[in-house]
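Asker: Chains A, B, C, D and E, in that order, give the protein sequences.
Those letters in the first sequence? Residues 1 to 361, by our numbering.
Those letters in the second sequence? Residues 1 to 361, by our numbering.
Those letters in the third sequence? Residues 1 to 361, by our numbering.
Those letters in the fourth sequence? Residues 1 to 361, by our numbering.
Those letters in the fifth sequence? Residues 1 to 361, by our numbering.
Where hints are given, some of them may not hold.
Said to hold, decoys possible - With beta-carbon atoms standing in for the labels, derived distance ranges:
{"#": "1", "chain 1": "A", "residue 1": "Q89", "chain 2": "B", "residue 2": "A283", "range": "51 to 59 angstroms"}
{"#": "2", "chain 1": "E", "residue 1": "G143", "chain 2": "B", "residue 2": "D273", "range": "54 to 62 angstroms"}
{"#": "3", "chain 1": "B", "residue 1": "A283", "chain 2": "D", "residue 2": "L128", "range": "37 to 45 angstroms"}
Please keep in mind that the hints were generated in silico from the structure rather than gathered at the bench.
Every value quoted in this text rests on a predicted model; they were computed, and no experiment measured them.
Note that beta-carbon positions come from the ideal geometry of N, C-alpha and C, so glycine has one too.
Letter by letter, the chains look like this.
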Amino acid sequence: MVRIKLKSIFKRRAAKTGLPPGSLVYVGTPNNEPVQMLLMEYNLDAVREAMLQQVSEIKNALGKTQVTWLSIVGLQRTDVIKQLEETFQVHAMALEDILNTDHRPKLETNTENNYLYVVLKNLYYNDLKELQLEQVSLILGTGYVVTVQEKAGTAFENIRLRVRNGHGRVRKMKEDYLFYALLDSILDSYFVVLDKFNDKLERFEEQLIERQYDPDMLQHLYDLQREYLLIRKALWPVRDVTYTLLRLETTLAAKGIQIYLKDLHDSAVQTADVLETCRDMLANMVNHYHSHLTQHMNAVMKVLTIITTIFIPLSFVVGVYGMNFKHMPELEWQFAYPMLMLLLLAIALAMLVFFRRRRWI
Amino acid sequence: MVRIKLKSIFKRRAAKTGLPPGSLVYVGTPNNEPVQMLLMEYNLDAVREAMLQQVSEIKNALGKTQVTWLSIVGLQRTDVIKQLEETFQVHAMALEDILNTDHRPKLETNTENNYLYVVLKNLYYNDLKELQLEQVSLILGTGYVVTVQEKAGTAFENIRLRVRNGHGRVRKMKEDYLFYALLDSILDSYFVVLDKFNDKLERFEEQLIERQYDPDMLQHLYDLQREYLLIRKALWPVRDVTYTLLRLETTLAAKGIQIYLKDLHDSAVQTADVLETCRDMLANMVNHYHSHLTQHMNAVMKVLTIITTIFIPLSFVVGVYGMNFKHMPELEWQFAYPMLMLLLLAIALAMLVFFRRRRWI
Amino acid sequence: MVRIKLKSIFKRRAAKTGLPPGSLVYVGTPNNEPVQMLLMEYNLDAVREAMLQQVSEIKNALGKTQVTWLSIVGLQRTDVIKQLEETFQVHAMALEDILNTDHRPKLETNTENNYLYVVLKNLYYNDLKELQLEQVSLILGTGYVVTVQEKAGTAFENIRLRVRNGHGRVRKMKEDYLFYALLDSILDSYFVVLDKFNDKLERFEEQLIERQYDPDMLQHLYDLQREYLLIRKALWPVRDVTYTLLRLETTLAAKGIQIYLKDLHDSAVQTADVLETCRDMLANMVNHYHSHLTQHMNAVMKVLTIITTIFIPLSFVVGVYGMNFKHMPELEWQFAYPMLMLLLLAIALAMLVFFRRRRWI
Amino acid sequence: MVRIKLKSIFKRRAAKTGLPPGSLVYVGTPNNEPVQMLLMEYNLDAVREAMLQQVSEIKNALGKTQVTWLSIVGLQRTDVIKQLEETFQVHAMALEDILNTDHRPKLETNTENNYLYVVLKNLYYNDLKELQLEQVSLILGTGYVVTVQEKAGTAFENIRLRVRNGHGRVRKMKEDYLFYALLDSILDSYFVVLDKFNDKLERFEEQLIERQYDPDMLQHLYDLQREYLLIRKALWPVRDVTYTLLRLETTLAAKGIQIYLKDLHDSAVQTADVLETCRDMLANMVNHYHSHLTQHMNAVMKVLTIITTIFIPLSFVVGVYGMNFKHMPELEWQFAYPMLMLLLLAIALAMLVFFRRRRWI
Amino acid sequence: MVRIKLKSIFKRRAAKTGLPPGSLVYVGTPNNEPVQMLLMEYNLDAVREAMLQQVSEIKNALGKTQVTWLSIVGLQRTDVIKQLEETFQVHAMALEDILNTDHRPKLETNTENNYLYVVLKNLYYNDLKELQLEQVSLILGTGYVVTVQEKAGTAFENIRLRVRNGHGRVRKMKEDYLFYALLDSILDSYFVVLDKFNDKLERFEEQLIERQYDPDMLQHLYDLQREYLLIRKALWPVRDVTYTLLRLETTLAAKGIQIYLKDLHDSAVQTADVLETCRDMLANMVNHYHSHLTQHMNAVMKVLTIITTIFIPLSFVVGVYGMNFKHMPELEWQFAYPMLMLLLLAIALAMLVFFRRRRWI
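Given the sequences, and given the hints that come with them, work out the whole structure.
Answerer: This is the structure we're talking about:
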């Protein structure tokens with residue numbers, strides 16, 4: 001079992017202390033890889049894809065087709081993010097949220113420049129079965145969607161495929177549907193994570209039920225609790241986000257999209273539901289394990305007590321006849337030894353009967 | 001006691017990941033049995049029943065009598081479910097919910113095509129005393145009710161009987177009353193399940209009170225906790241469903257039906273009440289069992305301590321007179337042996353008095 | 001201590017499963033005693049009492065005096081209850097609630113026929129000090145109050161006395177005041193039950209504080225927890241009932257009655273308050289008892305450890321000089337025996353000092 | 001440490017059962033001391049104080065000066081309280097609340113006769129360091145304030161001083177400010193109690209941290225928990241009272257008084273805050289103490305185990321050479337005894353190394 | 001690890017008891033250092049700084065430039081604070097809050113004189129790694145901001161730098177932005193504290209995971225719990241403050257500032273989030289540590305039981321042949337001794353197999 005670093009739960013927002021509000025600082029792990037910008041324009045008839053060098057290049061595309069989707073992968077170059085301010089009039093405070101990869105999931109609307117953005121966590125297990133947490137931001141404006149990710153994950157790959165192949169409704173609908181489809185794809189991935197986490201719980205439970213206890217179980221249980229905390233931290237606030245989205249009065253989302261947003265909120269409520277069940281199952285397991293420890297100690301103590309209480313009186317008696325007094329008449333008797341042995345046997349049997357009555361054996 | 005599979009708590013919604021929203025996928029156990037479609041038309045005077053081959057056949061019936069009830073059993077053929085979209089203008093997203101047998105109980109209204117649907121869990125113990133969870137969906141439209149179940153249970157059999165025989169009010173009233181009666185019958189079955197679960201709790205409690213402890217009790221308690229979680233997961237959200245139903249402003253439910261919906265909500269509140277009491281009783285039992293373990297260990301330890309502390313000093317004394325020193329005057333005394341025996345008896349009695357004072361014996 | 005049957009907590013609502021809504025079924029213990037119907041009519045000047053055979057006889061009385069109070073004792077004959085439907089136009093669903101003796105406390109209003117009814121629990125300790133739970137329903141209509149009880153308790157006896165003797169305000173006021181006075185009398189009886197329950201808690205606490213522990217305390221504590229659950233189940237929802245009553249906009253309650261309803265709600269809030277304190281006290285006691293068990297085990301273990309660690313090394317030493325080696329020079333020494341004895345004493349004292357330092361003795 | 005009687009937590013409201021609503025019954029400890037009635041009239045220029053014999057005497061004073069304050073000490077004579085009904089038109093139900101010294105803190109307004117009253121608890125430690133709980137009621141009407149206390153405490157003495165000496169704003173303002181000042185003085189005294197209670201917690205914590213454990217600590221902890229329950233019972237509902245006061249729309253409180261009521265509510269919120277911190281601290285202490293017990297048992301068990309496991313094998317070996325077999329060649333060897341001694345030493349050392357490795361010593 | 005004094009959690013608000021409301025009393029540690037008053041006036045073009053002797057000197061400055069910021073450090077001279085009343089018409093009750101350094105974080109508005117003030121805690125670790133809690137009050141009026149601190153901390157130093165150097169937006173904007181920037185700087189410092197606290201949690205967790213248990217861990221855990229309580233006490237109410245600020249309808253904050261206040265509230269929500277995760281982590285650690293103690297005791301008990309149960313029967317057997325009976329035929333046998341030794345070995349091996357089967361070794 002791979003341990004999750006606590007650092008990944010509490011990333012260093014503190015690094016930004018003292019800077020003016022709206023300062024664009026990337027708080028994640030710095031790296032030198034280039035930032036990828038993939039442009040995707042489409043309407044019912046056609047799809048065009050292009051890799052951009054500058055955000056500003058998008059201006060040529062905007063408004064020409066029905067939907068423009070700019071996908072930015074990598075946050076290490078803050079100047080790229082800054083271009084969003086000029087191109088889409090996204091406020092510096094919003095960009096600060098996007099770059100602050102430790103941000104709590106949230107939804108913000110800007111009525112002035114008429115866009116809204118959502119900050120979420122993408123959650124997945126990597127090849128080493130470590131839980132990975134990556135921030136994803138989505139900006140929805142008139143005619144365009146911008147997505148910003150830390151790493152090139154596979155989160156949006158299936159949406160891209162659907163756009164290319166014209167599967168489902170995505171090509172027939174506007175940018176609000178794309179926005180919904182992207183969010184839906186993230187929430188779908190939560191169920192994959194919860195599923196794998198539940199598999200872990202199940203395997204642990206199996207061990208508990210089969211009574212294959214080993215000293216590492218305590219540590220394993222603790223790791224499961226930590227993993228749960230990390231998952232909850234990422235998933236729990238999503239319900240508020242989808243609820244706000246559902247209640248939003250905005251021109252950005254057409255009326256027909258409402259049924260999809262409801263579905264989104266339903267999914268978020270269901271993840272919260274599963275999280276609560278996980279929490280209760282973990283609590284039950286912790287209790288069960290603790291009770292098992294006590295029960296096991298009882299069993300150990302009983303063995304000790306039974307052996308000790310049987311043999312200690314017997315040892316005393318044989319000790320008596322090991323004394324060297326001159327005048328001990330029993331020592332001279334003919335059948336003293338076998339009779340004593342029978343007596344000791346009787347004592348031992350009486351003890352056993354006593355323990356039997358108490359249901360200890 | 002039969003164990004509930006964890007899988008039945010967290011069914012594989014993850015299987016749908018990556019598919020476009022509104023994709024009709026059956027996530028349950030696939031099987032090849034045919035899907036049953038039973039049509040029931042009735043008004044005050046007459047009842048007609050028929051097995052349909054296609055959903056579309058229903059069109060001939062719709063609107064001819066007062067109430068049309070289409071009962072579909074089996075979700076394995078998604079094409080059958082798909083026909084609901086064409087026939088009743090049920091939205092694809094609603095059908096997705098109906099097919100997703102892991103869905104949380106919910107109520108959704110569609111004002112456009114004027115129907116509402118409810119997704120609930122049917123809960124019952126099968127012949128092996130295993131708790132079974134089956135999804136039931138009900139669609140209420142003008143003049144018709146459609147019910148969709150996974151398996152042919154007995155959930156709606158008594159309603160069917162009442163319709164056939166004209167018992168109760170069902171034949172005198174419209175489709176909204178049928179809808180209510182079906183929901184009421186599901187909620188009634190919850191009380192049967194809670195009753196049987198309470199019987200289990202009672203039997204366990206009886207064991208606790210009679211002090212017939214055995215090592216399996218811990219496992220048994222854990223199984224009860226899991227069963228509780230599964231029941232709560234199915235029942236808890238029902239209260240929200242009935243509350244929404246009660247507050248709904250819709251033309252689908254006549255005003256006279258309000259009193260029945262209130263009754264429905266009352267039942268749901270009562271199940272929630274019973275669930276809370278079950279939770280508290282389980283918590284008390286867990287605590288009680290744990291305290292019992294500690295108390296039992298105390299009893300074991302006391303026996304060990306009493307026997308050990310009485311005999312260890314005595315053994316020491318007899319050990320002293322088992323030493324082989326040449327010059328040990330006591331060994332020569334005439335009455336040393338009986339006097340020593342008396343001394344040992346006195347020590348033992350003093351010990352017993354000491355334990356008596358401490359109320360250990 | 002008499003144990004409460006779990007059955008009394010979860011009565012068999014399940015018995016009604018499968019019946020049409022509004023079916024009048026008595027779910028309590030069946031018996032053959034006749035149903036008592038006591039009519040009481042009064043105004044400021046006069047009181048008339050009569051035993052009725054049929055509910056319909058009441059029609060002669062209704063409206064002649066200021067207030068008519070029909071008190072029905074016994075639910076076993078559902079036909080009697082059914083007559084309420086004809087005489088007072090009480091809806092069948094309300095009668096179903098009244099007969100379902102496992103119903104949660106609730107208040108329902110019927111604006112059509114202008115009546116309201118309240119279902120409550122009467123709670124008292126019987127002569128065997130067993131907690132008894134009995135359902136009481138009160139119907140308030142224009143000019144009349146109907147009360148329905150399971151058994152002839154003393155719950156309303158003092159109100160009857162007040163009406164007969166003209167004590168207090170009851171004769172000067174209308175049926176709404178009578179309704180209030182009846183509810184107030186039930187809530188008053190809750191304080192008697194809480195008082196007796198608190199006496200039990202107190203006695204248990206006294207035992208805890210005096211350290212008169214005995215093995216039955218654990219069971220006793222568990223019984224107190226169950227009794228608490230039963231009391232809470234009956235009392236907790238009453239607060240919602242009185243709150244609804246207070247907020248009700250109805251012509252049934254005159255404006256002047258408002259101050260009394262506030263008082264009623266205050267009482268209900270106070271019972272909830274006392275319940276919460278009871279819960280916390282029980283939790284504290286459970287914790288305290290458990291800590292005591294652990295502390296007691298510590299004390300037992302210390303005795304065992306002290307005795308064992310003192311005598312085991314000594315026994316070893318005397319064992320050494322009990323060996324039969326030919327060449328053991330010490331055995332020949334003149335003062336070996338007394339010197340060894342002194343040495344052993346020194347070891348024992350050193351041990352004692354060690355334990356003293358560790359504050360074990 | 002003096003123990004709080006449980007009776008003081010649950011006073012006998014039950015004593016009133018069966019009496020008509022509005023019956024004036026004093027439920028506290030009866031005594032024969034006379035009831036004191038102190039009248040205080042003042043405006044900016046003058047103060048007049050007088051001891052009254054009858055409440056009705058106040059009529060001569062009412063309305064002559066700006067503010068009239070009647071302070072009644074002692075509840076044992078219900079006839080005195082009854083006079084408030086005639087003189088100030090205070091409703092009998094309000095007087096019942098005032099006399100019921102077990103009442104929950106509450107605020108009630110009477111718009112008809114335009115007065116409001118507040119029931120609070122006065123909380124203080126007496127000279128024996130016992131926590132005392134006394135009910136205080138305040139009635140605010142146009143031009144007058146009436147305060148009713150059980151015992152002559154010092155609660156309002158400093159307000160009286162301020163009125164006499166013209167300190168602060170009290171003489172410049174109206175009866176609403178006096179009302180506020182009296183409430184504020186009660187809330188101030190809560191901070192004194194919380195402070196002393198925190199001192200107790202601190203001292204206990206000090207003991208925990210210094211590891212000066214003694215067997216009475218468990219009982220002491222339990223007493224702290226009970227004292228906390230008593231304080232919470234008196235203080236917790238006060239927040240609701242001040243909140244209601246703040247939101248009240250009444251002519252009794254001038255607009256300028258609003259800022260003071262806000263301050264009052266702030267104080268109440270702060271007491272609730274401190275209470276919560278106390279609760280968490282107590283919970284931490286309970287946990288800490290329990291963990292300490294377990295840790296201590298670990299230490300005891302280790303000593304027992306180390307001593308036993310070292311000497312029991314050694315004792316066995318020396319037992320072997322204490323056997324009386326004729327043919328035991330080792331017994332004849334020249335250096336058998338010292339060699340055996342060395343062997344035993346080696347065994348003991350090996351054991352110690354083993355325990356060292358396990359970090360037990 | 002340095003311990004936080006409980007006194008710093010519950011400062012002596014009680015000291016003020018008995019004084020009239022609005023009395024200006026400094027409840028902190030008294031000292032004789034002078035109170036510093038730094039005036040900072042600026043607009044887009046220029047900045048002027050001056051040390052004032054009297055608050056009244058500020059009148060010359062007010063309104064001349066765009067923003068006036070008066071920063072007061074030190075609360076020991078209440079006369080200085082009193083001058084705020086005359087100069088800015090701040091109400092005495094507000095000044096009382098500012099001086100009461102134990103006040104709960106809160107926001108108050110005064111519509112009459114059009115100002116609002118916020119009381120917050122400044123939280124930081126000093127050089128001794130002790131957590132320090134200092135009260136900071138901010139008053140926002142038309143054209144000015146007044147900040148009042150207990151000690152000259154570095155909390156606002158970076159804001160001062162930004163004003164001087166014209167970094168960020170501060171010089172371009174009005175006093176409301178300055179007010180926001182100051183609050184933002186305090187909230188930023190909370191993340192620094194939470195970060196350091198999380199480092200402590202991490203180090204403790206590392207110890208738990210590496211199983212480097214030592215007896216001080218229990219105490220250390222308790223200290224972490226106390227530190228958590230102190231941090232929560234300071235941070236938790238901040239969310240209410242920022243929420244009120246966000247919802248405020250006031251002319252003091254321009255509309256453009258709304259986006260910054262939202263950001264502020266986001267930060268406060270995030271601190272609350274981190275606090276909750278800390279609480280859960282602490283709870284997990286406490287549980288884990290306790291389970292470890294029990295598990296460790298199991299291990300100790302097993303060693304004791306194994307050693308004892310193997311050697312006690314063996315000792316008994318050798319004791320038997322140490323008896324001095326005249327007639328014990330085995331003693332004469334030629335190979336009795338080696339055969340007995342083999343028998344004992346067999347018994348020991350059987351015991352070991354038994355323990356192996358039970359998975360104890």
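Asker: Indicate, hint by hint, whether the structure satisfies it.
Answerer: Results of checking the hints against the structure:
1. Checked against the given bound of 51 to 59 angstroms, the beta carbons of Q89 (chain A) and A283 (chain B), roughly 55 angstroms apart, stay inside it.
2. Between G143 (chain E) and D273 (chain B) the C-beta distance comes to about 59 angstroms, which sits within the given range of 54 to 62 angstroms.
3. Taken as a hint, the range 37 to 45 angstroms holds for the pair A283 (chain B) and L128 (chain D), whose Cβ atoms sit roughly 39 angstroms apart.
Comparing the model with each earlier hint shows no violations; every hint is respected.
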